[in-house]
Each structure stands twice: as structure tokens, then as C-alpha cells.
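Colleague: Here's the letter readout for the chains.
Number of protein chains: 2
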Amino acid sequence: MVSKDMLRYGTVRSCIRELFEYGKQRAAVVGEENVYDFSLGNPSVPAPEEVNQAIRNIVNELPSKAIHSYTSGPGSNTARTAIANNLNKRFGTDYKFTDLYLTAGAAAALTAVSRALTIDDKTEFIAFAPFFTEYSCFATTAGAKLTVIPADIPAFQINFELLDKSINENTQGVIVNSPNNPSGVIYTEETIKGLAALLKRKSADVGHPIFIISDEPYRELVYEGKVPFIPHYYPNTIICYSYSKSLSLPGERIGYALVPGSVEDHDDVYNAIAGAGRILGYVCAPSLMQHVITRCADIKPDLRPYIENRELIYNGLTEIGYNCAKPSGAFYLFVEAPNGDAQAFSNMAKQHDLLIVPGNDFGCPSYVRISYCVDHDMVKRSLPVFKKLMEKVRA
Amino acid sequence: MVSKDMLRYGTVRSCIRELFEYGKQRAAVVGEENVYDFSLGNPSVPAPEEVNQAIRNIVNELPSKAIHSYTSGPGSNTARTAIANNLNKRFGTDYKFTDLYLTAGAAAALTAVSRALTIDDKTEFIAFAPFFTEYSCFATTAGAKLTVIPADIPAFQINFELLDKSINENTQGVIVNSPNNPSGVIYTEETIKGLAALLKRKSADVGHPIFIISDEPYRELVYEGKVPFIPHYYPNTIICYSYSKSLSLPGERIGYALVPGSVEDHDDVYNAIAGAGRILGYVCAPSLMQHVITRCADIKPDLRPYIENRELIYNGLTEIGYNCAKPSGAFYLFVEAPNGDAQAFSNMAKQHDLLIVPGNDFGCPSYVRISYCVDHDMVKRSLPVFKKLMEKVRA
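Keeping their order, the protein sequence lines are chains A and B.
Under our numbering, the residues of the first sequence are numbered 2 to 396, in order.
Under our numbering, the residues of the second sequence are numbered 2 to 396, in order.
Hints are computed from structural coordinates only; laboratory data are not their basis.
Please read all numbers here as calculations on a predicted model, not as lab measurements.
One copy or two, it doesn't matter: identical chains are merged, so the pair holds either way.
Computed list of lysine to aspartate or glutamate pairs in EDC-like fashion (alpha-carbon distance at most 20 Å, straight line):
1) Lys351 - Asp376
2) Lys66 - Glu50
3) Lys66 - Asp303
4) Lys97 - Asp268
5) Lys25 - Asp378
6) Lys146 - Asp6
7) Lys327 - Glu309
Build the full structure now, drawing on both the sequences and the hints.
Modeller: Here you go:
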């Protein structure tokens, strides 16, 4: 009576969601202070006060129709111009507002880009483990295939040999996510240069551009080193961005797809993304939030709470004896399961009301993800539990 | 290099959009007061002050994280409860919040429902001309076929004989839109009873429920008669609703799909819609707007400006000699092209900077649509132009 695929997508809960719901139940039983929930990537830093002040000002200053009416499908020119100006200031680019297509967050941008670049049922996209679990459903439901390159452990950069072998004439795009969810690792400039060189060579081999689809919700959340701006290295880069993490607005669904002028057949790529946005039923990105971004495009997030948490949990776990990926950005720490089995280790932790996500769904079954976008005190309280777990494994 | 379908959807502008853009250009040349733009269905009534006050209160009263964080995929329980309570009060139903799935407007709800109900590439949906042009793209891109039942002219009810013949074992849903865009007509209780009886019989024949998908963005915009509440007549009704018109929030993208408890296999249908919402990349409906609806679910729109416009344009055109469909709801007047050819008549009107949408794309090539959600003075100023056109046709 209904689509089997849609029913499955709607019924099978993600492992993250399961843990989060379990945490809420346990909190009701044992008390909130006794549950250590590191499951969700929901920013613990509130939206900057400038954002809420912008909302007040917009409602007080503008006529209601200017705030809440339809914008054009790609978004208002003023919001897109504000974003282009911000990028141009920071990266020395000369993007125009017509290079930007506003979306309901990065997930919407990725969905639209996947559809736009899917030629037929032979189309392939490539992702690198560990990767955001929804990539596979975005690619599959676009009618394409997602090829996963196994994780480059322990550096979590890119295994170029495997990538080289995986590209063929049907490869349309390679999805890059740096700073990375779930590893917290940033691709080095060397990695990006290597990737660009390989893709240039391969594009020439297959006779069409292979796009980099750069998923960048964590671009501003950087604690160590720099995030190379990929269009500087590779012209056929499409950026999918979200203000969910940088302005702590995950529920508001506001972000964009950027198609730089350097992209081959720029207008076709841009228009196909717009077409996908249309058939996906988006109409336009939420209009009040477009006004907010117009006024807040230059606002920087307050990283202090994440820096403090990162310090505490990284040093704490390392001291206990855990092996962690270098946590340079985002708000995740990717930790090797000391028993070698992430699912079993997550289950063991759950017994102590410590909720950490096994890397299995991220394509990395020997690591667990710790989201440290949480209350600092909870991080403190959790360390003895991590210690107990390590002792248990070693016993 | 890109999907041909997506490129086409992104490049071929709707006729409505073309006219609207043309109007903006002409206004720059001949002055805004000399362009009579009846093309868009953008509410001219601003959002009720309660809505903007709710936004101020939410930002002032709630912690930032409570406003802007992810909600669960189907929407916050409080927003869904507020909507269920409003419906239950008005329609004597006993809907639960778990029957509601919040969406980024009715387009998102229709897209998700189309995908949820598409079993395979033989699946068919049925729409009645005149119909909202995007229906065909929602159905087609879900992988299904849209069958259009020709318009029942001049009453714009339903031609049951043709409907009867068009239903087969692959028919999954019949899309109903009353008050109707573009005709402004409301289906009578007799029509809804007839439809329910026919679909009950046909469902039994084909051995599975044929759903009514009721697209109801104009439910509250009623000037004459009543809008029958379809779930009272037919249990397998799924409602797609939007606050775009009732609260004048079209840019904010907030609405819902309602799966009443009476729907067969309720949970499967609901979960398949949720699965579709997930793979379409929606994540959740915009969170601040969920709070707004929590507080404003009971607010009624100010219909006075539409009532005044309707009176003026309907009487004015009728007096000149135009034949109009009975404009009972929404903010559209559907007018027979006096020369019998809507496209030609729209072109002729365009020469006089009068912008009206030919019914061709709505499946009704002998009528034009006039959106009277516009400035009252423009309606006044336009009447002599309508008169001139009629004289031209008669000459």
C-alpha cells in the first residue's frame, strides 16, 4: 500500500537517534546528572545574541510582507549578496549572488546536488569513510550509487590508491567533509592538493569533470590548523554549506549550495540544482532566516565552550589510554574502541549510561564517536566512567 | 554533465513566473501604477500582528537553544499538539499529535506524500483540471504518472463519469484542491459525497484503498458556502496543509501532512511520509515557525481585503460581460477568455500591461486566472483595461 523504500527510511531509526531516545528515558529513571549523552550533534553553544537581535529588528523594522513573502527560488538577492560578500572578503574570491542557491540547510543542498548530478542509474558518487550516514540515502534515492573508500586509519586523511581504483567513467562526484563528522579531522593542504591532482587527471581520463562536493557545515569550527578552501585548489568544486553549526541554528534549516564561476558548464550545473530544489518541493529557503543571514553573514561563532570541552575530553581520554583521532575541528572526538569492536564497546558503555555512537554506520566499525557539543560539567563527570570502561576492557 | 530532467525543471520557467518578471520590467519603464499584475498568488494581506508579536515573545522568552535546535523529524510535540487541538475543536475530531507530520509547507507535504504512496513505476495519481501546475512534477519525479480529468466547465465540480473510467488497479491517490487554485471554486458537499462513494466502490474493486490527497492551503479563505471537511466523508483522506495563505507566511515554509486515525494502515502511511521527508533532505520544519504555530494555531486570517477585491473584480468583470467561475474561496477568479483562447487573450492583455495567467498549464486552455490578492486600487484601475479588451475582442 505504500512505498517499501520510504517505509524503511521512515521506520528504521538511526543508531544515533536510538541512543538519544534511550538517554531521555534513562534520565527520567536515574536522573539527568547520571546520564552521559554524547550521541547528538546538536550545538550546545546557543545562537549568537546578534542572531536573536536581528530577528527582533527585522520584525520591528520591516513590513510583514517584506519578511514573510515568497522569495525567488534561489533566495533573495540581498541575502545571496551578503553571503557572496562574506566569502569574497575571507577567501579573496569574486563570487556573485548568482553563484549561490539558498537551501534549507546542507542536507537540502546535498540532496539537490546529488539529484542535479545524477545522469542515469549508472551514476556513482564517492565518499570517504568515516562519513555522515545520510550520504548513502541521498545518493541512492537520487538513483545513483555511493562507493565508500575505506577509512585511512589512524590519520583519517585519504587513501589515494583506493580512490584511484574506484573512479570510473560513471563517477560524477566525490563528497568531501572537512572538518569531518564523525572524526573531527581536517584534511591537510597536502591532502587537498593530492585530491585535486588526482581528480584533474581522472577527469581528463574519463572525459568529463568529476566534481568535488564539499559538505562544509563545520567550516568555522576549527581549533588547530586551517581548513583549505577547496575551490582554490580545484575549479570544479560545489560547496554545500549550513548555518546549523556556525550560528547554532540547526532547526531553522538555512544554508546554501555555492557553484563558483570556475565550475565547468556553470549555468547548467546551477540550473540543475535549482530544478532539483523545485522538484523536491522546497519552493524557497525560509524567508525570515534569509533576512537573518543578510544581517549576520559576518558573525563568528563563540568557540570557547567547544575548545574547553575538546581540551578536557581529549586530554582526559588520552591520559586514560584511549587512542583518539586528532580533533582539529567540528565538535566530535573519534576514539578507537579499546576492545576493537565499536558496537560492543558502545553497548558496554550504555550499561553505564554513557552514550557514544559506534562508527559502524559511519563506515568505521573500530571507532566510536563522541559529540562534545555538550555541557562542560557532563564531560567532567563522564571521565571516571570512561576510566572504568577501560579497566573493564583491560581486565 | 548534469541530469537532463533537473536541468529542464530548473530552466523552463513557469508561465506565471515569466509574467511576474515581465511585470517588474514593465513597471520600471511605464511606472508601477500602469502595470496591472494579477499573476502571482502571493498574499497581499500581511501576516496577522499576532504572528509577529509571537516571534518577538518567543525570542524574548525562550532560551535560544529551545528556539533554534533540531526538533524531531515530524516536528515538536507541542506544535503538533496545538494543531491537533485546533482541528479537534473545529471539526469535532480526535486527532493526536502523532497523526501530524510538520513540513516545509504544502508543496513539501505533497512531495512527501507522492513519494510515500508511489509503489512502482506503474503507480498513478489523478488530478482534476484545472489544477496547480506543480502536481505533475511532484507525481512524475516520484516515479508515478499523473492522470488529469478534464475540467467540468462551467461549474468546475467533478466529472464523475470520466473519473470512473480513469481509475485502475494502479491508482493510488486522487488529488483534491478545494478551494481551488486556479478556479476559486469550492467543491460542494454533494461533490464530496459523490467522490467518496465512487472511491469507496473503486477501492473495493481494485482491492486496495485509493487515497484522497487533499491539498488545503486555501481552507480558511472562504467567502461563500462551506468547505466540507473531507475526512468526515472519506476515511482514507490525507490532508496537506500550509500556513502560507491563512497566516500569510508563504516564504516561511510551514505546514503539515495529516494522516487521520481512520486511514487504513495508518502507521505505515505515516512512516512512509516520514521516510520520504527524510530522503528529500528536510530534516525538520523550520523550528522558530514551529513555535509560532504553537502560539498562533487558532488565529484567523483577515479576509476583508480579499472580500473587497473579490466583490469589485467579480462584479466589474461580470458587468463588462465576462463569464466567471463562481469565486467562493481562495483569491483567484477564473474567467473565460472571451475569444475562446486563453493564451491568445493573455498575450493581448499583456500588450496593455495587464498580466493574467492563461489556463493552459492548469489544464484549462479556455480560461485565464486572475489572482486578486493585490492592492485594491490596482483592481479599480484595471477595470477600464478589461473593458477595452472585451471591446477589442467583440470588434
